[in-house]
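The chain contents come next:
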Amino acid sequence: MVFMQNVRKVYESSNTVALDNVSLTIEDGEFVFLVGPSGSGKTTLMKLITGEVRPTSGKVVVNDFDMGTIKRRKLPKMRRTLGVVFQDYRLIENMNVYDNVAFAMRVVGAPNSEIRTRVPYILELVGLEGREKRMPGELSGGEQQRVGIARALVNSPRMIVADEPTGNLDPARSLELMLLLEKINEMGTTVVVVTHEKELVNAFSKRVITIDCGEKTGDSSEGGYYGI
Amino acid sequence: MRLGYLIREGFRSITTHGFMSFATVAVIVACLIIMGSVSLLSLNIDRLIKDLEAQNEIVVFVDESIGDENAARDLQRNIEAVDNVASAEFVSRTQAMDSFMGKYDASLMEGIDEDVFRHRFIIHLNDIAYMSQTKTELEAIRGVAKVNAHLDYAQNFVMIRNVVSVVSLVLIVMLVFVSFFIMSNTIKLATFGRREEIAIMKMVGATNGFIRLPFVVEGLVLGMMGGSIAFVAEWGLYNLISGRLVGSITGSLLDVIPFREYALPVFVIYMGVGILVGAFGGVNAIKNYLKV
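In order, the protein sequences belong to chains Y and E.
Just so we're aligned, residue 1 is where the first sequence starts under the working numbering, counting upward by one.
Just so we're aligned, residue 1001 is where the second sequence starts under the working numbering, counting upward by one.
Bound-form chain Y, shown alone:
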């Protein structure tokens, strides 16, 4: 669950107002597209959710953690309730597919026996069975992003936050990936997808929150992205 009230974020080094007076609520189990042109403030909004930046003013609550006051040492605990998917996949190059996913479980101290059963299950779920021993460099972009999703999913997070997950993929692979995220959402995980791909958003009838020039300019529960 994400709750934002009158959120303002100013980057003091450049004196840039990235977000201004943004209020929104994302309930557990929702699938939400967060859309807007480049430089609109989408990524800042995502960084507020992941705890990479703190709000200048206003309230941000993510999965019951108050992100404005959360202590640095509590951030790992908060991040374990999230699964983050990046545009550039961010896989560890010297680890194979299995280890890239298992690594996320090792971080939370999962026992080996659980890792051995959970990782193959998740890899099968994202369609990567038989690819366990491959290194990231040996996979296509779509496959690498599936590894990223598997890693985000493996610890059963309450919410998946995907930042432009299809940014480096062709339309067919983008659609496949979005269907995978939809499937994950149907299994009960909240999904927030940050994107600026109009066609992709319009292909799904999901809630769309529009951000432009740091302000929330739209919130449509029926879907549809009509921006530029």
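The hints are simulated quantities; they were obtained by calculation from the structure and are not laboratory data.
Everything numeric in this text was worked out from a predicted model, so none of it was measured.
It is possible that part of the hints are untrue.
[As the list claims (entries may be wrong)] Listed next, the in silico DSBU-like pairs over lysine-lysine satisfying Cα-Cα at most 35 angstroms (straight line):
#	chain 1	residue 1	chain 2	residue 2
1	E	1146	Y	77
2	Y	133	E	1287
3	E	1188	Y	71
4	Y	77	Y	59
5	Y	77	Y	183
6	Y	47	Y	74
7	E	1146	E	1188
8	E	1291	Y	47
9	Y	59	Y	47
10	Y	77	E	1050
11	E	1103	E	1188
12	Y	133	Y	59
13	Y	71	E	1287
14	Y	47	E	1188
15	E	1050	Y	59
16	Y	74	E	1291
17	Y	47	Y	77
18	Y	47	E	1287
19	E	1103	Y	74
20	E	1146	E	1050
21	Y	74	E	1188
22	Y	71	Y	59
23	Y	59	Y	198
24	Y	77	E	1103
[Said to hold, decoys possible] Here are a few chain E residues that face chain Y, going by a calculated C-beta distance under 10 angstroms:
#	residue
25	1006
26	1010
27	1011
28	1012
29	1016
30	1197
31	1200
32	1201
33	1202
34	1204
35	1288
36	1291
Using N, Cα and C, we set each Cβ at its ideal position, and we do this for glycine too.
Once you've looked at the hints, dock chain E against the given chain Y.
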């Protein structure tokens, strides 16, 4: 299980980042050898000066009125009671004459009685810097006629010793700073390529301790490797150079300290510096990447 995994990760990282591991160890080895060599050279110079100082003796002549050898010997207790006196060796007038005749032409002494020589004491000092003060104290002893001391030599030695000590200290301190700077920057460079890996760890919920521990293990292992290699290399280098020096003409005048005399402290210091630089350098280098 988790601790074992993190330790294994530390070791695994050494091989997966092979080139940077090699560079880190190489820099630690080079810096330790440079620091160690200068320190050992300084110790040898210090020892050489002390040896030369020890040869600089004071001669205390016993008053002619004390002709009896036993009575003259009795002065030894008073002489040795003076603070800075390390040793006092009694030389009778007979021994003094024999020594003189041994050094010079015996015909010079024909018809001359041993009574022209005085009983005397050859004194070695603990610290020649206080030679003048000691000379005064010896002259004050009843029964002492005269004290011969080369004060000008002593002053020169003290000056040389002080200059060498200051120069060595400044050089070593500078080298220590430069070496720590180079070593910590090499480790920073080695960890720079892994900031992405650290960022991913942070995003999947890794604690700082979880991220640090493999770096600590890796740093410890690399530091110990660097320290051990530097120790063995220093030993070989020292023996090679000292062997050549002693074998040469000028070297025959030098008494080089055997490496084994300093082997243990050198080993402990090298390992200590290696571990300190490796482990703390690694943790310090990733400090900024943990602020995500």
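Verification of the hints:
Of the pairs offered as hints, the one joining residue 1146 (chain E) and residue 77 (chain Y) is violated, with about 87 angstroms between alpha carbons and a cut-off of 35 angstroms exceeded. Of the supplied pair hints, the one linking residue 133 (chain Y) and residue 1287 (chain E) holds, its CA atoms being roughly 32 angstroms apart against a limit of 35 angstroms. The suggested pairing of residue 1188 (chain E) with residue 71 (chain Y) holds, with an alpha-carbon distance near 27 angstroms, which does not exceed 35 angstroms. Of the pairs offered as hints, the one joining residue 77 (chain Y) and residue 59 (chain Y) holds, with about 19 angstroms between alpha carbons and a cut-off of 35 angstroms not exceeded.
A C-alpha spacing of about 26 angstroms is found between residue 77 (chain Y) and residue 183 (chain Y), which places the hinted pair at or below 35 angstroms, so the restraint holds. This hinted pair checks out: residue 47 (chain Y) and residue 74 (chain Y) have alpha carbons roughly 16 angstroms apart, not beyond 35 angstroms. This hinted pair does not check out: residue 1146 (chain E) and residue 1188 (chain E) have alpha carbons roughly 68 angstroms apart, beyond 35 angstroms. For the hint linking residue 1291 (chain E) to residue 47 (chain Y), the alpha-carbon distance of about 14 angstroms falls within 35 angstroms, and the restraint holds.
At most 35 angstroms may separate the alpha-carbon atoms for a hinted pair to count; residue 59 (chain Y) and residue 47 (chain Y) meet this at roughly 14 angstroms. Among the hinted pairs, residue 77 (chain Y) with residue 1050 (chain E) is inconsistent with the structure: their alpha-carbon atoms are about 64 angstroms apart, more than 35 angstroms. With a C-alpha separation of about 68 angstroms, the suggested pairing of residue 1103 (chain E) with residue 1188 (chain E) is violated against the 35 angstroms cut-off. Straight-line distance between C-alpha atoms of residue 133 (chain Y) and residue 59 (chain Y) comes to about 44 angstroms, which puts the hinted pair past the 35 angstroms bound.
Among the hinted pairs, residue 71 (chain Y) with residue 1287 (chain E) is consistent with the structure: their alpha-carbon atoms are about 17 angstroms apart, no more than 35 angstroms. Simply put, residue 47 (chain Y) and residue 1188 (chain E) have alpha-carbon atoms about 27 angstroms apart, close enough for the 35 angstroms limit, and the pair holds. Proposed proximity of residue 1050 (chain E) and residue 59 (chain Y) is contradicted: the alpha carbons are some 74 angstroms apart, above 35 angstroms. Restraint check for residue 74 (chain Y) and residue 1291 (chain E): satisfied, since their Cα atoms lie roughly 13 angstroms apart, inside the 35 angstroms limit.
Distance hint between residue 47 (chain Y) and residue 77 (chain Y) is fulfilled; the C-alpha atoms sit about 16 angstroms from each other, no more than 35 angstroms. Under the criterion of a C-alpha separation no larger than 35 angstroms, the hint pairing residue 47 (chain Y) with residue 1287 (chain E) is consistent with the structure, at around 21 angstroms. A C-alpha spacing of about 88 angstroms is found between residue 1103 (chain E) and residue 74 (chain Y), which places the hinted pair above 35 angstroms, so the restraint is violated. Restraint check for residue 1146 (chain E) and residue 1050 (chain E): satisfied, since their Cα atoms lie roughly 26 angstroms apart, inside the 35 angstroms limit.
Distance check on the hinted pair: residue 74 (chain Y) and residue 1188 (chain E) sit about 27 angstroms apart at the alpha-carbon level, within 35 angstroms; holds. At roughly 15 angstroms between alpha-carbon atoms, residue 71 (chain Y) and residue 59 (chain Y) fall within 35 angstroms of each other, so this suggested pair holds. Between residue 59 (chain Y) and residue 198 (chain Y) the CA atoms are separated by roughly 29 angstroms; this keeps the pair inside 35 angstroms, and the hint holds. This hinted pair does not check out: residue 77 (chain Y) and residue 1103 (chain E) have alpha carbons roughly 90 angstroms apart, beyond 35 angstroms.
Given hint, residue 1006 (chain E) at the interface with chain Y, holds; its Cβ is 9 angstroms from that chain's nearest Cβ, closer than 10 angstroms. Contact between residue 1010 (chain E) and chain Y, as hinted, is not supported at the beta carbon level, the nearest pair being about 14 angstroms apart and thus beyond 10 angstroms. Against a cut-off of 10 angstroms between C-beta atoms, the interface hint on residue 1011 (chain E) is violated, since the closest Cβ of chain Y lies about 14 angstroms away. With a cut of 10 angstroms, the hint placing residue 1012 (chain E) at the interface with chain Y holds, because the nearest CB-to-CB distance is about 9 angstroms.
A distance limit of 10 angstroms between C-beta atoms decides the matter here; for residue 1016 (chain E) the minimum to chain Y is near 5 angstroms, and the interface restraint holds. With 10 angstroms as the threshold, the beta carbon of residue 1197 (chain E) comes within range of chain Y, its nearest partner Cβ sitting at about 6 angstroms, so the hint holds. For residue 1200 (chain E), the suggested interface contact is upheld, since its CB lies about 5 angstroms from the closest CB of chain Y, less than 10 angstroms. Because the beta carbon of residue 1201 (chain E) sits about 7 angstroms from the nearest beta carbon in chain Y, less than 10 angstroms, this interface hint is met.
At its closest, the beta carbon of residue 1202 (chain E) sits 7 angstroms from a beta carbon of chain Y; the interface hint therefore holds under the 10 angstroms criterion. Nearest Cβ of chain Y to the Cβ of residue 1204 (chain E): about 4 angstroms, under the 10 angstroms cut. The hint holds. A least Cβ separation of about 14 angstroms between residue 1288 (chain E) and chain Y goes past the 10 angstroms threshold, and the interface hint is therefore violated. With its C-beta approaching chain Y no nearer than about 8 angstroms, residue 1291 (chain E) sits inside the 10 angstroms limit, and its interface hint holds.
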